[in-house]
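Under this note's numbering, the sequence shown has 19 at position 19, and the numbering climbs by one with no breaks.
Since the hints were made in silico from the structure, they are not lab data.
The C-beta atom is built at its ideal place from N, Cα and C for all residues, glycine as well.
One should not assume that every hint holds.
[Stated by the list, open to error] Quick list of the computed label-pair ranges, beta carbon to beta carbon:
(1) Lys42 x Lys10: 42 to 50 Å
(2) Tyr27 x Phe49: 37 to 45 Å
(3) Glu53 x Met31: 14 to 22 Å
(4) Ala23 x Glu53: 29 to 37 Å
(5) Asn52 x Val28: 23 to 31 Å
(6) Glu24 x Phe49: 28 to 36 Å
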Amino acid sequence: WPGAYCTQMKPGRCCMPSTGAPAEDFYVSTMATYTNDGKEVKKCSSSNFYINE
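Using the sequences plus the hints, can you model the full thing?
And the structure:
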């Protein structure tokens, strides 16, 4: 999460959102994927994720 990363950096090395740092109790509850036309991806098969591809 960029907010956590920015708190570790030296001043001026990271850009915080213009509204300030996120609240300390901020959390992400889910990460949904969407197709390029904005539809949620459903019933996809299990497959490995390769970061270099």
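To see whether the hints hold, each was checked on the structure:
no.: 1; hint: Lys42 x Lys10: 42 to 50 Å; verdict: holds (43 Å)
no.: 2; hint: Tyr27 x Phe49: 37 to 45 Å; verdict: violated (22 Å)
no.: 3; hint: Glu53 x Met31: 14 to 22 Å; verdict: holds (19 Å)
no.: 4; hint: Ala23 x Glu53: 29 to 37 Å; verdict: holds (35 Å)
no.: 5; hint: Asn52 x Val28: 23 to 31 Å; verdict: holds (24 Å)
no.: 6; hint: Glu24 x Phe49: 28 to 36 Å; verdict: holds (30 Å)
The structure fails hint 2 only (numbered hints given earlier).
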